[in-house]
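Protein chains in written order, with this note's numbering: chain A, 1 to 327; chain B, 328 to 657.
In case anyone wonders, no lab produced these hints; they're calculated from the structure.
Some hints could be false.
[To be verified] Listed next, the stretches of chain B that the computed footprint assigns to chain A, with coverage defined by at least 3 CB atoms under 8 Å from CB atoms of chain A: (1) 340–348; (2) 496–505.
[What the hints assert, rightly or not] Listed below are the simulated EDC-like cross-link pairs for lysine to aspartate or glutamate, each with C-alpha atoms no more than 20 Å apart in a straight line: (3) B:Lys596 x A:Asp216; (4) A:Lys200 x B:Glu479; (5) A:Lys240 x B:Asp594; (6) A:Lys240 x A:Asp264; (7) B:Lys596 x A:Glu243; (8) B:Lys595 x A:Glu201; (9) B:Lys528 x A:Asp262; (10) B:Lys440 x B:Glu479; (11) B:Lys583 x A:Asp262; (12) B:Lys531 x A:Asp264; (13) A:Lys221 x B:Glu479.
Here a beta-carbon is modelled for each residue, glycine too, at the ideal position from N, C-alpha and C.
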Amino acid sequence: MNEELLRVSGLKKYFEMRKGIFSSPIYVRAVDNVSFSLGKGEAISLVGESGSGKTTLGKTLLRLYKPTEGQIMVKGKDITYVNTKELMWYRRVTSIIEQDPYGALPSFFTIYRILEEPLLIHKFGNSNERQKRICEVLEKVRLTPIEDFAQKYPHMLSGGQLQRVAIARALTLNPELVIADEPVSMLDASVRIEILTLLKELQETLGISFIYITHDLTTTKYFSERLFIMYAGKIVESGKMFEVIHNPQHPYTEALLKAIPDPDAENRKILRDIPPGEPPNLVNPPMGCRFHPRCPYKMDVCEKEEPLSFELEPEHISLCWLHNNRK
Amino acid sequence: MKTLAENILECKNLVLHYSTRKGVVKAVNDVTFSLQKSESLALVGESGCGKSSLAKAIIRLLPRNIEKYSGQIFVNGQDTMTLSEKEFREEIRWKKISMVFQGAMNSLNPVLKVGYQVAEPLLIHEKMKKHKALEKAKEALSIVGIHESFVERYPFELSGGMKQRVVIAMALVTNPSILILDEPTSALDVITQANIMNLLKRLKKEMGLSYFFITHDIALSSELADKIAVMYAGEIQEIASADIFYKKAAHPYSQKLMASVPTLRIDKKPEFIVGSPPSLINPPSGCKFHPRCTLAFDKCTKESPPLSDLGSEHLVKCWLFEEHKEAERI
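Just chain A, same shape as in the assembly (with noise of 0.2 Å):
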């Protein structure tokens, strides 16, 4: 791996709830004690069902949460605790794409308003430079002829060009970091393709790290080079794109991939065997492993203790019990 950009160990954040004022607080567990590392313009996807804390872990990692434990460390500084103030600089070398290009930009605003105003929340230079730089990342995202999209408003355009501005503003003050939540789940199959596309060549030709978080797995795997597999708050696989798609190694993964249907004919005569029920409530995670409930291969172990962590491979990792057996 190249140099390290992102170190994170033990991110937990627990969410306070009272029924009552005078009730004890009950937590929601929406990330516990995950821990990963990331390179320098290196990109990696973060899949798991809604509820599982996807989304939760990447504002977290933002500090657009405060973490309830646990470290963050960027470039070799602990950013974890510091207060609004330190974070100025976090916030210009790291960015957000959100999932609904309709709702993340203010309708009020010309689109060359909306790409001013990160750069003038960060008193980046005059009013000449700032046109030049929002003109590079219109072209760099290729909304041209800049003149005409530049003075038009957001309902002027249409998802994929919203998302295209969305990820213009991501990019204007030049972030290291960018995390990608949903980014095309709100779009259509093929403009997907498109915007997908786009970010990958923005992270190889700019460098940047890339978070993609999504809940579908089969665009993962030309965009990004390592797969984190998270279920109910934690990271239950991870490793290299191609081994864990082709030989996963957690049950919870193995459901993942064998609930996605390939385009084949054959399709329509067989019923998937894949295991009933939903993730659990994040209040009351399930003891032991949070998936036996739906495990197939549950043993007894499953539901008193919670698995450790595997490395089976070098990278590869998976917390699941079945892997002590094999060792």
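Here the structure of chain A is known, so what remains is to put chain B in place on it, guided by the hints.
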């Protein structure tokens, strides 16, 4: 060609135009297809190509701003276009054709118990007594894999997958023979989606249902479809059996759609289709796909291609297949 009697659903030259302030939206243009008993048809295409409009034209749930609604729709051989709204409601809608709407799981009434909501079509369409309707609702729920006790629950107590099952139960409670599914799993997670697909496959086999399945996901459509129809700019561009379609889709648009599907096991890089679908108010002249088609030639820009018959019920609307005989207008 099949005779009318064998087809459970048949549309001939169906047209649906809306009038808006900006002009006439030509959402469905001259659509002809047929569906046999226990056969499933998947209608695929990008958003805004008229897929949902076609479904709504079939079940006749239309907005007020209709400019033109013509053609013929046969359900079990009966021409429904000649029926009045009252007759259609009493004989066809929810009796013979039901629909699971896009995002329907999020439009369950939050203050009514699930059982009552499933029983409601029976109370309205069959004027059934309440306790009897609730019994039927229990049956329908257990068919879709939800325990009977859930009739007493409220929607907020159910998970997304269960709500989607409830909505399917609602559509099935009146025993229809055709079910229109408009993006039935678009808001669900992959594992839940696969569970719903398993359920739909099982229902098809056990109850002999016919599905009219609308989706933009070609990989997903292969889970249910016996036949695939590709729609673009309000027209059906290609229609073929699933076996033929997934091996050798003929229309340039279908081929591009296939190439844009990201796959998990097969190693190929997905490619996107340059450009965006046309406006349905001012569609391009000639073949509606020609501005985005890499194979387009002079004729494509001027004349709309006929449906060519490539044999074994494989129809394609493209000038490249001109030498094949023109499809019989059924």
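To see whether the hints hold, each was checked on the structure:
With 0 residues having a Cβ less than 8 Å from any Cβ of chain A, the segment 340–348 of chain B misses the three-residue criterion, and the hint is violated. Counting residues of the segment 496–505 of chain B whose beta carbon lies closer than 8 Å to any beta carbon of chain A gives 0, which falls below the threshold of three, so the coverage claim is violated. Only pairs whose Cα atoms come within 20 Å are accepted, and Lys596 of chain B paired with Asp216 of chain A is accepted, the gap being roughly 16 Å. With a C-alpha separation of about 50 Å, the suggested pairing of Lys200 of chain A with Glu479 of chain B is violated against the 20 Å cut-off.
Between Lys240 of chain A and Asp594 of chain B the alpha-carbon distance is near 16 Å, which keeps this suggested pair within the 20 Å criterion. Restraint check: the Cα-Cα separation between Lys240 of chain A and Asp264 of chain A comes to about 26 Å, which exceeds 20 Å; the hinted pair is violated. Between Lys596 of chain B and Glu243 of chain A, the direct Cα distance comes to roughly 18 Å. Compliance with the 20 Å bound is thereby established for this hinted pair. Restraint check for Lys595 of chain B and Glu201 of chain A: satisfied, since their Cα atoms lie roughly 18 Å apart, inside the 20 Å limit.
The suggested pairing of Lys528 of chain B with Asp262 of chain A holds, with an alpha-carbon distance near 17 Å, which does not exceed 20 Å. For the given pair, Lys440 of chain B sits about 6 Å from Glu479 of chain B by alpha-carbon distance, which is consistent with the 20 Å threshold. For the given pair, Lys583 of chain B sits about 16 Å from Asp262 of chain A by alpha-carbon distance, which is consistent with the 20 Å threshold. Our distance criterion of 20 Å between C-alpha atoms is met by Lys531 of chain B and Asp264 of chain A, whose separation comes to about 19 Å.
Under the criterion of a C-alpha separation no larger than 20 Å, the hint pairing Lys221 of chain A with Glu479 of chain B is inconsistent with the structure, at around 44 Å.
Comparing the model with each earlier hint shows violations of hints 1, 2, 4, 6, 13; every other hint is respected.
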